[in-house]
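Participant: One-letter residues, chain by chain:
There are 4 protein chains.
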Amino acid sequence: MARVRVAVAGASGYAGGEVLRLLLAHPEVEIGALTGASNAGQPLGALQPHLVPLADRVLEPTTIEVLSGHDVVFLALPHGQSGEVAAQLGDDTVVIDCGADFRLRDAGEWEKFYGGEHAGTWPYGMPELPGQRDVLRGARRIAVPGCYPTVSTLSLAPAVAAGLVEPRVSVVAASGTSGAGKAAKAHLLGSEIMGNASAYGVGGTHRHTPEITQNLSALVEGTVAVSFTPLLVPMPRGILATCSADLVGEVSAEQAHEVYAEAYADEPFVHLLPAGQWPQTKSVTGSNAVHLQVTVDETAGRLVAVGAVDNLAKGTGGAAVQCMNLALGLDEGTGLTTIGLAP
Amino acid sequence: MARVRVAVAGASGYAGGEVLRLLLAHPEVEIGALTGASNAGQPLGALQPHLVPLADRVLEPTTIEVLSGHDVVFLALPHGQSGEVAAQLGDDTVVIDCGADFRLRDAGEWEKFYGGEHAGTWPYGMPELPGQRDVLRGARRIAVPGCYPTVSTLSLAPAVAAGLVEPRVSVVAASGTSGAGKAAKAHLLGSEIMGNASAYGVGGTHRHTPEITQNLSALVEGTVAVSFTPLLVPMPRGILATCSADLVGEVSAEQAHEVYAEAYADEPFVHLLPAGQWPQTKSVTGSNAVHLQVTVDETAGRLVAVGAVDNLAKGTGGAAVQCMNLALGLDEGTGLTTIGLAP
Amino acid sequence: MARVRVAVAGASGYAGGEVLRLLLAHPEVEIGALTGASNAGQPLGALQPHLVPLADRVLEPTTIEVLSGHDVVFLALPHGQSGEVAAQLGDDTVVIDCGADFRLRDAGEWEKFYGGEHAGTWPYGMPELPGQRDVLRGARRIAVPGCYPTVSTLSLAPAVAAGLVEPRVSVVAASGTSGAGKAAKAHLLGSEIMGNASAYGVGGTHRHTPEITQNLSALVEGTVAVSFTPLLVPMPRGILATCSADLVGEVSAEQAHEVYAEAYADEPFVHLLPAGQWPQTKSVTGSNAVHLQVTVDETAGRLVAVGAVDNLAKGTGGAAVQCMNLALGLDEGTGLTTIGLAP
Amino acid sequence: MARVRVAVAGASGYAGGEVLRLLLAHPEVEIGALTGASNAGQPLGALQPHLVPLADRVLEPTTIEVLSGHDVVFLALPHGQSGEVAAQLGDDTVVIDCGADFRLRDAGEWEKFYGGEHAGTWPYGMPELPGQRDVLRGARRIAVPGCYPTVSTLSLAPAVAAGLVEPRVSVVAASGTSGAGKAAKAHLLGSEIMGNASAYGVGGTHRHTPEITQNLSALVEGTVAVSFTPLLVPMPRGILATCSADLVGEVSAEQAHEVYAEAYADEPFVHLLPAGQWPQTKSVTGSNAVHLQVTVDETAGRLVAVGAVDNLAKGTGGAAVQCMNLALGLDEGTGLTTIGLAP
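Those sequence lines, one after another, are chains F, C, X and Z. For the first sequence, counting from 1, position 129 maps to 129 in UniProt numbering; every step adds exactly one. For the second sequence, counting from 1, position 132 maps to 132 in UniProt numbering; every step adds exactly one. For the third sequence, counting from 1, position 94 maps to 94 in UniProt numbering; every step adds exactly one. For the fourth sequence, counting from 1, position 229 maps to 229 in UniProt numbering; every step adds exactly one.
Only chain F is shown next, with the shape it has when bound in the complex (with noise of 0.2 Å):
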C-alpha cells in the first residue's frame, strides 16, 4: 500500500514539532510539505534540531499551493487561522487541527473566551468519549482536544457519568510551559520558570474551562460547573490534573476504583494505576498515555482523582496521530507508544 502522504503546517513551533516527531515513527507515513511563517526558508535542522532526519528540509510559507496533494494535513497553527486554511483544502484531504479553532460548539463561548468570529465546530478528537470513536473513524476533519481539557475530562469522566459525584467539579492543573508555545515571552524565560510555580487564568477566565464544561456537561443532564485553575511549574512538558468534587451519598475508594477500571477497560491509552500508586508526569513524558488515580476523601467527603499526561503527546501531537489513524482506518495505536521516558 502506497505510504499516507502528510503536510504539517506550523512545523516550528512545539505543537508541530510533535507530530513530527510522532510522523517520523509512524509506519505508514510519508512527510511531505513542511510551512512556517516567518520561519520559511530556514532548514527544519536549525528549528527542530531534534529531529535529525529532517535537518535539511526546508520550511515552505503556510499556502493553499504548498498544502494541497497531501492525504493528511495537520495544522499547527496559532488560534484563529486554521479556519481560512481549512476551507481551501478539499473534503478528500483529511485536516487535523491541533488548535482551538474548530472545538467549541457553542459560538457564544467561543467568542467570549477567544474573540472573534467562531470558524465552526468539527468532530471532536476524543475517542475515549462515548460514541465518539466512532464519530472519529473516517472524518475528515478533526479537532484535536486542548492539553488541560483532555486530562480533565478523562479523570473526571467515569465518575460524573456514573453520578459518583455533584456537578460542580474543581480542576487545579499543573503544567509544564511547552503548553505555552514557543513565542519569546519575557516571563516565560528559562530564569522566570525555574524555580517558580505560579497561578494564571484564575476564576475561570482560562480558555480551556469551557472545553471542559463541554465534554463533562455532555455526560449528565444540565451543566456541569467547572472551577478550573492552570499553574505553571518548572518542567517542559507535563500536566498533572488534581480534580475533586463532593460526593453523591456514600462511595468507597474501592468504588470509585472499580468505575474507573471497567470505564478505561478497553481503553489502549488509559492507564489506571495500581490502588496505591499516585500518577506522575515523567511516567507519561513523550508516549500517549493518561496515568490515572482516584480516590475518596471520607473526612471532607469528596472524590479525588489526578490524571497525569504529557501535553504535547497526548495532549496535542499523540493524540492527532491517534485521529489520523482512525480517519484513515488505520489501528489507532499505530506509531503511538505508552511508554515514558524517564528519569
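The reader is advised that the hints may include incorrect statements.
One copy or two, it doesn't matter: identical chains are merged, so the pair holds either way.
Stated by the list, open to error - List time: in silico SDA-like cross-link candidates among lysine to any residue, alpha-carbon distance up to 25 Å: (1) Lys112 <-> Arg168; (2) Lys112 <-> Trp122; (3) Lys185 <-> Ala275; (4) Lys185 <-> Ala25; (5) Lys112 <-> Leu219.
What the hints contain is simulated information worked out from the structure, not anything from laboratory work.
For chain F, the structure is supplied; the task is to place chains C, X and Z on it using the hints.
Facilitator: Coordinates of chains C, X and Z only, in the frame set by chain F:
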C-alpha cells in the same frame, strides 16, 4: 544589651540550616551550640557549605548538657523527638519547635496522623491569626506551624472568617522538594524530581490536613471540611497553594479583595498583591513574606485564593525567628525580610 | 524468524530501565526474565512506572537459573558483579555488560580506579572506533562503553587521529544526574541538585579517565594525556562535553570541520552539525545520536570540540542495543532512533 | 550621618533588580530614582515582584534630570549606553557601571568584540586584584567586572601570578540563564532551557574572553592565552568555572592549595574550601562570596581550579555594592553577605 544566646538542635537538616541562615542575619543573636545526630563531630561547613561564617563550627550531640545554658533553643528534629528534649529545658529557656509535635490540640488527631503518644500542645506560632500575637508575646514554648498549613490558612482565613464561603474548602498545594527533608530517599533524587510533577497524600491522608482544619475551624462555629492535596513539583523551595470554596450568596471579586485587604492591612509579612497580579513562589524565595491574591469565579460560584510562601523561610525558619522575636519582646520583624531572591 | 529472547539483570535501575525502554520498541525482541536484587518480588510497574507494557511483570532474583535460556542477557549491575554472572552463562549466550567490569585492558588501571581484581577485557562496544564494528559483529561478550568516554572519545577522536592536536587533551563534561544511578544519596536529592552546578572527581580521579585515555591513545603512537573533569548540572539526562587541545601547526575551523565530516560520514548515529550550530543535550534526549561540533580558537591556538549525548541512551542502553544488533547480525540501527525528545 | 542617596538606571532588568535587592539591605543607603526604558511609568511591583518594599515605586525614564542629584548612580543598561549617561553626571557623583562599556583598556579589543566606539576605561571593580583595592577607594567612576571574568580571574590568578602554570589557560564555565538577561528570546525560554545543556561563544568568540585575558595578563610578563568556553545549564543563577593549565615543573596539590590560601587569606569574599571539598553554585546563591578549590592532576600534568559565583550577586550587583562601599569609604562588606541561600 547582651546578645541572645541561641542553640539549634538538628543543625544539619534543611529546617535547622534555614534557622541558622536567618539567625546569622539577626543583629541581637549570638549563635551557640549546634547539634546533630549521626552528623555529630562533623564541621558544619561540610554539611551546610552555604553558611560560610559557621564553616568551622563542629556539630555536637543533641543532649541536654549541650543545649542547656542558652536563652533560646530551636528544635529542628524528626517528629516525636522534641518532647523529651523540651521537658529537660527549664521554663526560663524559650523553646521553639520547628516540628509537628506540639501543633495539634486534639490528641486523637495526633495519634491518627502521626502515631505514638501526643506530646501536648504549645502556643501556635502564627501571629497572623486572631489574638495569637498576644499569646506569643513572652511565650516560653512555641510550636512553629507546618509549611502547608501556613500558606493554606493565610490564604483562606479572611474568606472563612468573613463567611464569604461555605465551610468546605479545597486546597491543592504545589510544593518544592525541601519540605520532604534531607534524608536520602530514591523517589526524591534529582533524577526523579526534575521534569516531574506528582501528587501524594491524596484523599486527606497528609499529616498537615488536621492542622489546616484546626486553624480554619477556629474561625467559625463548627468544623471546616478541608480537602487537601499536596503536589511535588520540580523546585527546591516554595509552595503555591490554590484554595477554593463555594461562595455564600453573591460576592464580587472586588469585595473579596477588599475583605483580604482589611484582614491583612497591618500584617508586616502578608502581602496582598494588586488585583490582577498572581503570586509566584520565586517572589518569596528566602523571604518571610506570604504573597496572596483572591478572586471570584462567577460561573462556577466559587472563591479562589492563591498563596505563595517559602516553605523553609516563612513556612518554617522565618516563622520560628518571628516567634522568637515576639517571645523575647523584640520587634517582630528583626532579622527578617520581605524581599525575595529572584530570579 | 523466531524472536530473540532477552533477559535484563538489574531491571529496576536506570540503565536496566533504559535497556527495557529501548527493547520494547525493538521489533525482533521478546522480553524474558527481569531481575533485581532487593527489589526482587516487586512488580516492575511500581519501580519503573513509565514502562506500562511491563507493569505487571515481577522481578526475579539475579540467579543463573533465572538468566539462563535466553539468547541475550543484558547486565546492568553494580560494578564488580558482572564477572561472576557472566562466567556461568554459556558461550552461545550473547552477554552485554552495561557496567565497567570488562572495559579496561590494563589490570593495573582497573585496580587503581575501581579496586578489586580485574575481571578481564571484552570487545569494547563502540562501533564508531576504527575497526571496531567488525570486532562486534558476531561477538558473544561485549562491554558497553561508559557514558563520559562515549561522548569524549567521539568528540576528540578525529582530531587526535588526524594529528590536528597535541596528545594532551582537556575534557570538561557537564552531566545530568541519572549517570549517578538510582541509589538514594543525600547529595543527589532534588533539593540539592536543582539550581546547582558542581564539580567532582577533579584532578583525574574519575573512573572514566583511564577509559578515555585508552580510547584516544589507541589512535596514536604513545599515550594521550587526558585532563578530565566531570560536572553535575541540574538535568536528569544528558552529557555535554567540552573538549580541547593545543593545535599542531595551523588548522582552520573549516579544515577541522572537514576532518570530522569525513571521519563520521558513514556513521548512522554520529551527527556533525552544520558549522556554526552547537550541540545541546536536549536534541539527543532519548535518542541514540551523538551531536558534535568543532572549531578552532585562533587566538588561543586551540581546537575546541563539543559533543552531546544522552548518557542513558547512546551513553548506555542505546549502545547496548546497538551492540546486540551487531552481535546478532541484525541491522545495526534496529529499534534505535536518531530523533530526540524536545522540548 | 545622612544616608547615601542612590539611583538605579535600568531597574527592571536582572542586574538592576539585584542591585536593588542588595541596596534594600544596606544600612547606609536611601533608594532614590529608579529608571527604565520601555517600562517607564510602570510600578516596580509589576516588574520585580520580589522587591516588596519598592512595589509602589514607579519607574521613570532614564534621563539626566531624573538621575542627577544622587550621591551614587548605578548603571544597569544595555552595552553601549552607559557612556552618554555618565558623561552628563558630575564628578561628585559616584557612577558605577554594571555593563561592559568601561572594562577594557584596549580600544581594539572593544571594537572587535563589542563593535562601535570604545567609551573609555574606568577603574576596574575587582578589589581582590593586586593593588586594585586602593584604586577603588574614593573612585568616582567604577566599571563592575563581568560575571565570567570574576570567577575565572579569581580561580586562576594565584596560580598564574605564582608561576605555577604555563601562560595558556583553559576555562569552561557553566552558567545559569540570568546572565543572558531578561529580554525575551526563544532560545532562553524555560521550555528550551530545562533539561538542556549547551555551549555557545565557542572558540574564543565570547565577549568576556578579552576581559579574562586582560586580568590574567596583568599578573605576568607577556600575554596569557585564554581558551574560554561558556556553557548554558538549567539553573537561573550561578557560574561554575573549571579552569586548568599545564603545570610548570612539579607542583603538588598541597602546594597549590597553599598558594591559594595565602593569596586570599585576607579577602573577605573569597572562600577557599578545605582540601577535598569542591565548590557548588548553590552555596553562593544570593551571596557575595566566591568559593574556590584547586588541585593537581599528576597524570595529566595539569593544575585544575574550580570556582563558583552567583553571576548576579558577586558577579554583578554584589561587586557593584562592594565597589560603592570602597568609593564612599564605608566598610567594604556593608550590606553584603557571604551566606548563600540553600537548598
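Participant: Look at each hint and say if it fits the structure.
Facilitator: We went through each hint and held it up to the structure:
With identical chains, the CA atoms of lysine 112 and arginine 168 are at most 25 Å apart within one copy only, with a shortest distance of 21 Å there and 30 Å across copies. Within a single copy, lysine 112 and tryptophan 122 get their C-alpha atoms as close as 19 Å, which meets the 25 Å cut-off; across copies the closest is 52 Å, which misses it. Within a single copy, lysine 185 and alanine 275 get their C-alpha atoms only as close as 41 Å, which misses the 25 Å cut-off; across copies the closest is 22 Å, which meets it. In this homomeric assembly, lysine 185 and alanine 25 never come within 25 Å of each other (Cα to Cα): the closest approach is 32 Å inside a single copy and 31 Å across copies.
In this assembly of identical chains, the alpha carbons of lysine 112 and leucine 219 lie at most 25 Å apart only when taken from the same copy (23 Å versus 38 Å across copies).
Hint compliance for this structure: hint 4 alone is broken.
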